[in-house]
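**Student:** Chain P: place on chain S using the hints.
Top to bottom, those sequences are chains S and P.
Per my numbering: the first sequence = residues -3 to 852.
Per my numbering: the second sequence = residues 360 to 527.
Hints are computed from structural coordinates only; laboratory data are not their basis.
Glycine included, each C-beta is placed from N, C-alpha and C at the ideal position.
Errors might be hidden in some of the hints.
[Unchecked claim] To give an idea of the chain S side of the interface with chain P (calculated C-beta under 7 Å), a few residues:
{"id": "1", "residue": "E168"}
{"id": "2", "residue": "M475"}
{"id": "3", "residue": "H518"}
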Amino acid sequence: MEDQEIVNEFLIESNENLGRLDQEMVELERRPNDAELLASVFRTFHTVKGTCGFLGYAKLERVAHQAENVLSQMRSGSLRLTSDLASLILQAMDVLRRHLTSIEASGQEASEDSSDLCRRLEEAARGDAGPAAATPAPPPEAEVAAQKAGVADSAIRVDVHLLDKLMNLVGELVLARNQILQFSAQQEGSALGATSQRLNLITSELQEGVMKTRMQPIGVVWNKLPRLVRDVATACGKQIALEMEGAETEMDKTIIESIKDPLTHIVRNCGDHGIERPEVRVGRGKPAQGRICLRAFHEGGQVIIEIGDDGAGVDTAKVKAKAIQNGLIRPDQAELMGEREALNLLFLAGFSTAEKVTNVSGRGVGMDVVRTNIEKIGGTVDLSSRLGEGTTVKLKIPLTLAIIPGLVVTLGDQRSAPRNGKTGAGGEQFVIPQVSLVELVRLDGEAALRSIERIRGTSVYRLRGDLLPIVYLREVLGMEGGGSGSGVVNIAVLQAEDRQFGLVVDGVKDTQEIVVKPLGKHLKGLSCYAGATIMGDGRVALILDVLGIAQKCGEVAGGRERTREEAVTRQENAADSRQTFLLFGAGPFKRLAVPLSLVARLEEFPLSRVERAGNRLVVQYRGRILPLVPLAPILEPGCEDTAGSQDPVQAIVFDDGDRRIGLLVDQLVDIVDDTVTIRQASGRKGLLGSAVIGKQVTDMLDLDAVIAAASGDQPREETEAADGATVMLADGSPFSRGILRASLEMAGYRVVEASSTDEALRQLARVKVNVVLTALDLPGGGGCQFLEKMRREPSLAGVPALALADSAEEAGLQTPGSFQSCLIRGDRESMLRSIHRLASALDATTPAPELVGEKG
Amino acid sequence: MNPMTTTTGTAPSPQAADQALSRQYSTFDVAGLYFGIDVLQVQEVLRYQEMTPVPLAPAVIEGLINLRGQIVTALDVRRRLGLPPRAEGETAMNVVVRTEDGAVSLLVDEIGDVVEVEASSFERPPDNLDPAIRDLVRGIHKLKDRLLLVLDTGQTLNLDTAKGQPAR
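The shape of chain S in the complex, shown without the other chains (with noise of 0.2 Å):
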């Protein structure tokens, strides 16, 4: 099948060869001296000659060397063209057309004998020119001619881009088409109709003609896989089988350019990084001998393009960690992707997962540019892989790029009728290119009211229990009104790179076969637009570049990557305890968390509000005057406020009380719901330390601090004191446990952590402590019951307690027996202060009984 379009392709050059040598020739012989047009002669019988050889013509190859080498010696002077010499090479031109067409017409050489001629050519060459011979008595041609016509009659070259001109010329039928048939449906019952319905099947049957003009089938680039995968194999030592399925498949010559790059690309990634050596193939129970299979087929007006291997696939944890090790992405952000965002990572650029450099492959530069090039064309590239069972990248091409079929929407008011003759003011037409668009949801009612939440200024909706990042169109444009009234949402959802979003749209019209128009240069920097076109009534339409509105509103996007990070999360530590943390950025901390219950209210105050009361901050509140308190220099003293400039103005009122302060900051960032362990204190003032909240690391504020510095106190007297003495920490909630380790640590004091009562009792078997801390509600029968059960140990019966409880009136309910005293979880100084006293009174006596005594 290929070698037929090969030999056509032969017949073709070579026919077009002789009949150009057939003129060159008489014109040769009328100026005998003329290099340039000897040179050309020789330039074609040798062109002619190596073809013939590559195809294995071995006849016609003969007959054309040695008419080539009559000519080397013409060119070379030694002899001189004669008429006689002439006639020889006219008649080996004869013979050579005499093969073709027999091989046109039987697949092989003529089966006339030319040994003759060539002894003749041979001579001539030599300088000895006999007579020539009568002529061989070339056999009638007629029994050929009366064959059907052949190849070379029937195909002719056309220059592309003439090609090109003509397709353009579709398109704007295409569109006069389009408007004719709009014009037409409003004449009822004319013979217009009838002669535009004429018009539309000549305008696509003309189009897919033009189109198929340009096409060609992918076999074309897929011819020189073969060869690839054998070097490939080679130079690597594996053994690989390279299947091919669907090589016809058609498309526009200028796309199969466009994905010829590529398409090697990712065949010799397979063989260099998939397919794996065959011992250890083997070794893994897989043939030795590894297979790359390319498929090609159309769908949905797509060519798909599949190219898979049943190699070792791809490790994404050695992804990440190499993504890592080249500085592409952070440990942190390592750890929250999934499989797919971690293959996604070799399309970024400066990725290579080979170990080593080979000669192949592994140079970093690779499948980014494979996406730049796919994108380019409008294509997508999907990378899908199975550990152990091998890699597939699936390329979605667009059969051609001129006309491409697009969804038809509206915003601003629409007439329900079709608009009749003159068009309205109201009423933009957008067009979305139909690759981009993955379905239409439309929301009637009382559901379109309910079914799109806010979260923070981000609207999303429940899609089928996902949450889909809603982008209203009107706002992304940036114009004004509200939205069509009429209690209808219209949802496309659109995909984006590896996301999904719905852009909120007025109406919706119809898809429509649209022709892609640049935009001048003055409107060439709007990410948001693709091209222009015409539509059906003569009005000019923007095409949205799907992927150009996503980014401008990537917050949106990236949105919905957490909340679905976030849901799953959440599922999983649904059993444990958890807390509900406000997260907030101030300065150059762009994540900082308070648990939620610390704060009183959030703020918005207009900075016209804001007065100023001798160096400090304040707004008029509820009655009173609330303090307000730029976050970012208590926390990094010496920076910038940012926040106490913004209009409005952000603030978090803390309330404990008796002191009231307004902190401000510049932005909530979220409120997510979360267990916590601080995995790291900060020396920072005003930072308890670091903690995984959201799958992200947050600062975790110390409030205390921050207040106390906020007011000008000086906070912790208490952290001179303290050396070596041992806390014993048991709480149940780790969170909790981490907040005040930290503090603990903080001020000095090793902790010993417990969270239960068993394994309270079991640490101070082991370890001596100087003072424990139990909560109230720690886990195994209370925190009373655990002092009772300590008290029973003769050795830990002078060991000073004390009791934590999550509110004042619980401590003050409880207030309990054999406790010091009983501290409220929130209040970290009287804490430490109580727990300095104890533990310096341990230090100055022995361990008293008499503190026992102290109790309430």
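**Tutor:** Positioned in the frame of chain S, the structure of chain P alone reads:
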């Protein structure tokens, strides 16, 4: 009006206009000012065309028009010059000029004749002319009854220099 021999042979390139070879101007009115553009730069003159606005585009860009299948950006000369907008109900005319990057339409109030001028009537723009206008004007031809401002199309279409034209 016969084309002058000096200009007919010249390719319609902006450079040619720079050398002041052309003395034929296609004229139009914008807010009472009388402008001219080298006639060779003008592709055609059109009545009001329906326009598709382009959200997010610079304010000077009024929209896109369909010029026989070609999509042409329309630029409001009033806005470009910092002049007050056209009164309600008044429609703009299109002066379509050729540029290296395809055709661009200039929206003007009123289309005038093609006028022929003497080189001697040319003068640099006076210093006290409103800078917003002076930047876009090459010079002034003193005609018998009024002054013809020669619009510098290159400058006019170069929006990078336009100040105070935030995206809407």
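**Student:** Each of the hints needs a verdict: does it hold here or not?
**Tutor:** Hints and how they fare:
no., hint, result
1, E168, "holds, 5 Å"
2, M475, "holds, 5 Å"
3, H518, "holds, 5 Å"
Of the numbered hints listed earlier, not one is contradicted by the structure.
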